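Protein chains in written order, with this note's numbering: chain A, 19 to 458; chain B, 19 to 458.
Hints are computed from structural coordinates only; laboratory data are not their basis.
The structure presented is a predicted model; accordingly, all values stated were derived computationally and were not measured.
There may be inaccurate statements among the hints.
Unchecked claim - To give an idea of the chain B side of the interface with chain A (calculated C-beta under 7 Å), a few residues:
hint: 1; residue: 20
hint: 2; residue: 80
hint: 3; residue: 92
hint: 4; residue: 99
hint: 5; residue: 103
hint: 6; residue: 131
hint: 7; residue: 162
hint: 8; residue: 165
hint: 9; residue: 181
hint: 10; residue: 376
hint: 11; residue: 380
By construction, the Cβ of each residue, glycine as well, lies at the ideal position given by its N, Cα and C atoms.
Protein chains: 2
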Amino acid sequence: MMTNTPVPASIVDEKIAALEVEEIGNASIREIVQLVSSIEAATGISYIRMEMGIPGLPPSQVGVEAEIEALRNNVASKYPQIDGIPSLKSEASRFVKLFMNIDVRPEGCVPTVGSMEGSYAAFLVTAAREKEKDTALFIDPGFPVQKQQMLVMNQKYLSFDVFDFRGEKLREKLESYLSKGNICNIIYSNPNNPSWICLTDDELKIIGELADKYDVVVIEDLAYFAMDFRLDLSKPGIPPYQPTVARYTRNWVMMISSSKVFSYAGQRIGILIISDLLYHRHSQNLSDRLRVHGFGNAIIHRVLYAMTSGTSHSAQYALAAMFRHANNGTYDFIAEVKEYGEKARIMKQLFLSNGFEIVYATDIDKPVGDGFYFTISYPGMDEAKLLYHLLFYGISAISLGNTGSSKQGLRACVSNVRRDQFADLETRLNQFHRDFPADL
Amino acid sequence: MMTNTPVPASIVDEKIAALEVEEIGNASIREIVQLVSSIEAATGISYIRMEMGIPGLPPSQVGVEAEIEALRNNVASKYPQIDGIPSLKSEASRFVKLFMNIDVRPEGCVPTVGSMEGSYAAFLVTAAREKEKDTALFIDPGFPVQKQQMLVMNQKYLSFDVFDFRGEKLREKLESYLSKGNICNIIYSNPNNPSWICLTDDELKIIGELADKYDVVVIEDLAYFAMDFRLDLSKPGIPPYQPTVARYTRNWVMMISSSKVFSYAGQRIGILIISDLLYHRHSQNLSDRLRVHGFGNAIIHRVLYAMTSGTSHSAQYALAAMFRHANNGTYDFIAEVKEYGEKARIMKQLFLSNGFEIVYATDIDKPVGDGFYFTISYPGMDEAKLLYHLLFYGISAISLGNTGSSKQGLRACVSNVRRDQFADLETRLNQFHRDFPADL
Numbered sequence: 019m020m021t022n023t024p025v026p027a028s029i030v031d032e033k034i035a036a037l038e039v040e041e042i043g044n045a046s047i048r049e050i051v052q053l054v055s056s057i058e059a060a061t062g063i064s065y066i067r068m069e070m071g072i073p074g075l076p077p078s079q080v081g082v083e084a085e086i087e088a089l090r091n092n093v094a095s096k097y098p099q100i101d102g103i104p105s106l107k108s109e110a111s112r113f114v115k116l117f118m119n120i121d122v123r124p125e126g127c128v129p130t131v132g133s134m135e136g137s138y139a140a141f142l143v144t145a146a147r148e149k150e151k152d153t154a155l156f157i158d159p160g161f162p163v164q165k166q167q168m169l170v171m172n173q174k175y176l177s178f179d180v181f182d183f184r185g186e187k188l189r190e191k192l193e194s195y196l197s198k199g200n201i202c203n204i205i206y207s208n209p210n211n212p213s214w215i216c217l218t219d220d221e222l223k224i225i226g227e228l229a230d231k232y233d234v235v236v237i238e239d240l241a242y243f244a245m246d247f248r249l250d251l252s253k254p255g256i257p258p259y260q261p262t263v264a265r266y267t268r269n270w271v272m273m274i275s276s277s278k279v280f281s282y283a284g285q286r287i288g289i290l291i292i293s294d295l296l297y298h299r300h301s302q303n304l305s306d307r308l309r310v311h312g313f314g315n316a317i318i319h320r321v322l323y324a325m326t327s328g329t330s331h332s333a334q335y336a337l338a339a340m341f342r343h344a345n346n347g348t349y350d351f352i353a354e355v356k357e358y359g360e361k362a363r364i365m366k367q368l369f370l371s372n373g374f375e376i377v378y379a380t381d382i383d384k385p386v387g388d389g390f391y392f393t394i395s396y397p398g399m400d401e402a403k404l405l406y407h408l409l410f411y412g413i414s415a416i417s418l419g420n421t422g423s424s425k426q427g428l429r430a431c432v433s434n435v436r437r438d439q440f441a442d443l444e445t446r447l448n449q450f451h452r453d454f455p456a457d458l
Numbered sequence: 019m020m021t022n023t024p025v026p027a028s029i030v031d032e033k034i035a036a037l038e039v040e041e042i043g044n045a046s047i048r049e050i051v052q053l054v055s056s057i058e059a060a061t062g063i064s065y066i067r068m069e070m071g072i073p074g075l076p077p078s079q080v081g082v083e084a085e086i087e088a089l090r091n092n093v094a095s096k097y098p099q100i101d102g103i104p105s106l107k108s109e110a111s112r113f114v115k116l117f118m119n120i121d122v123r124p125e126g127c128v129p130t131v132g133s134m135e136g137s138y139a140a141f142l143v144t145a146a147r148e149k150e151k152d153t154a155l156f157i158d159p160g161f162p163v164q165k166q167q168m169l170v171m172n173q174k175y176l177s178f179d180v181f182d183f184r185g186e187k188l189r190e191k192l193e194s195y196l197s198k199g200n201i202c203n204i205i206y207s208n209p210n211n212p213s214w215i216c217l218t219d220d221e222l223k224i225i226g227e228l229a230d231k232y233d234v235v236v237i238e239d240l241a242y243f244a245m246d247f248r249l250d251l252s253k254p255g256i257p258p259y260q261p262t263v264a265r266y267t268r269n270w271v272m273m274i275s276s277s278k279v280f281s282y283a284g285q286r287i288g289i290l291i292i293s294d295l296l297y298h299r300h301s302q303n304l305s306d307r308l309r310v311h312g313f314g315n316a317i318i319h320r321v322l323y324a325m326t327s328g329t330s331h332s333a334q335y336a337l338a339a340m341f342r343h344a345n346n347g348t349y350d351f352i353a354e355v356k357e358y359g360e361k362a363r364i365m366k367q368l369f370l371s372n373g374f375e376i377v378y379a380t381d382i383d384k385p386v387g388d389g390f391y392f393t394i395s396y397p398g399m400d401e402a403k404l405l406y407h408l409l410f411y412g413i414s415a416i417s418l419g420n421t422g423s424s425k426q427g428l429r430a431c432v433s434n435v436r437r438d439q440f441a442d443l444e445t446r447l448n449q450f451h452r453d454f455p456a457d458l
């Protein structure tokens, strides 16, 4: 039974009604943001806001200073090259070598307006390579907006929840799709949004082998680059390196975002990396469909040209500088974001102490790391009910159903929660646990 | 007969061969840029470069200073709202009122990554409103990259050259398309890229009336806002105003670019303006296709979200400041770009004195203005031959065939030509005219 909850039930219900969504459990991230902001405005109560992956840190000052200098040099009037300024391309290539131990030419390193634009372009062009291969395959759970991209492009996709297919089981599951001949790509994020699971090297090897066997392109979303804090991935040129499928196939593109790892979300700058082999691969269908030769040219001179004709000129200087300083060992970007892992450790403990469970708890035989996201469930409540009830206790998140997960639960993002809110979080969870005594 | 031309014929031919295009007359803008840069690098000769619409002026310092201030305030780490920061939305609404005398709510003023992203989104959503209306209609000549957008989206389009259909003749021509029932929108730029013709108010009225009669959306590209220097459009709140179809229909979107009028091309920031009526129009097909209600929501929460999730946060502050100062009368942005008109007047005279003709010469009964572009032809030469031969004389441009024109000729852009090159231009044109004595 709910007692006198921190947020009056009547206001929560009123604001949910005003949102005009059919079911709160299906609300999008931005809809939950809007809902919680409106409840906060009406009540003056600060939520523990875990619904959106907003960087909670100031932006990389290396980036800000470089961007200001570029603006002082009047880059604002000049169209940037569509494939990126040369210094960004070469520093990105070095970054991939030094932090992943993967060789790629600067040619294949192409800035995009956030990794959103990179994935949009990659989805479009991978689906244009062969006529019969018209369907994307997501290894879910995943970032909901990528499915929206499929909707906007009117492209077909399939997906499955990796929960029950970890390790060698992944091979058979993937092959059950790939063997049909209609799959054009395999998409996943690593570390994973929303579950923070990380595919193991054995799993990445399976994906790479099958990409070669069936000639599909792996699209690896590295939005949380090097943020598996269980490993120290922060030293340029020194192992261990960020795990990647690029060790096991040459049929890959990756997206590296500046939003989280450099806290640079506002400037909408990411980089799409295309393997040397794939960049120059041709196909008749691609030439017919986009009237251009080669995968790299299709991405740059057709899709990115048509979408935005390049990326903010000054932000390219920012990203070039952040990569350069990281490459030179003069900017420890991981040190700045480790705070997310520290907060996750504490917050997970608060949830676990109050009857909650972690949904995606392990990478096969190891506990998942503490990072940007974690997943929670509560005994006896489906995710819509849990999301709804937590709103009364001043806690917000998004449902896993939004992410292609087959499990009932919520994604919790730590970035936007301040340490000075932990006491509130504990009090509210205590009351929730008393009101819904799951373990009785 | 070509004499000893300024640029050795052998080098021009060698670089054209290296470009691997089937026909130089069909080369894209960026391909010509690449070609001329490579010839310049090989010969040390500076071309009169008229192929690309690069701003030849420094960026608006109002914008640069506001952008630097925003970066100092750490906006780089924060996701911008997808529909734009409030100050930009309200200043854009004021700008449309003060310089066009059109009312639009801030809600419908949405920043985009250049007008490229704005047109991409508008093309996609207008084509999704009704199932049978699946074909765009361009009033050509036009910006070639918008046709590339159609290619990338795999959307259908038709077009016609307005040359022979000015004035009242435009009505019958448009109606011959619209009456078939498959047209979803009407697209044009005003002032026109490449011809610098401006549709008259009578013509805009025809377009507006037919947009209502057939329920199609007019997409008005104002990339060269207020740059018809025959009129003084520079005074906020004082007529005359920038001509627009919005006086004659409520079925419109417009794109206002910062690239040319504020010399802000590098930052990739434009603004899409959606009429109050259209913003809230619903249709069953739109809801089915994009799972969203309303035109404005489809643009913002589906297409722009999926393409780039918003626009550079700092650049939004720049554009807000440029609009605000223009609105307040403290920034005469037209004074800064009038130089283009002055240069066009002189350059056109140099071409006309050497046997060239202006292809698009009049707006019905008035000579076209002097502005960012003009169009040229030469007796006895088709456009491919003219483009090719001018390269030997150190002069570059793009062919009108690229722009949907039915006329033979070239588009010349004045922006990137410096006044200190005019003597060279004259000498080269004199020699060209001697070598190809058109009027003999």
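Numbered hints the structure breaks, given as an ascending list | Failing hints, ascending: 1, 2, 4, 5, 7, 8, 9, 10, 11.
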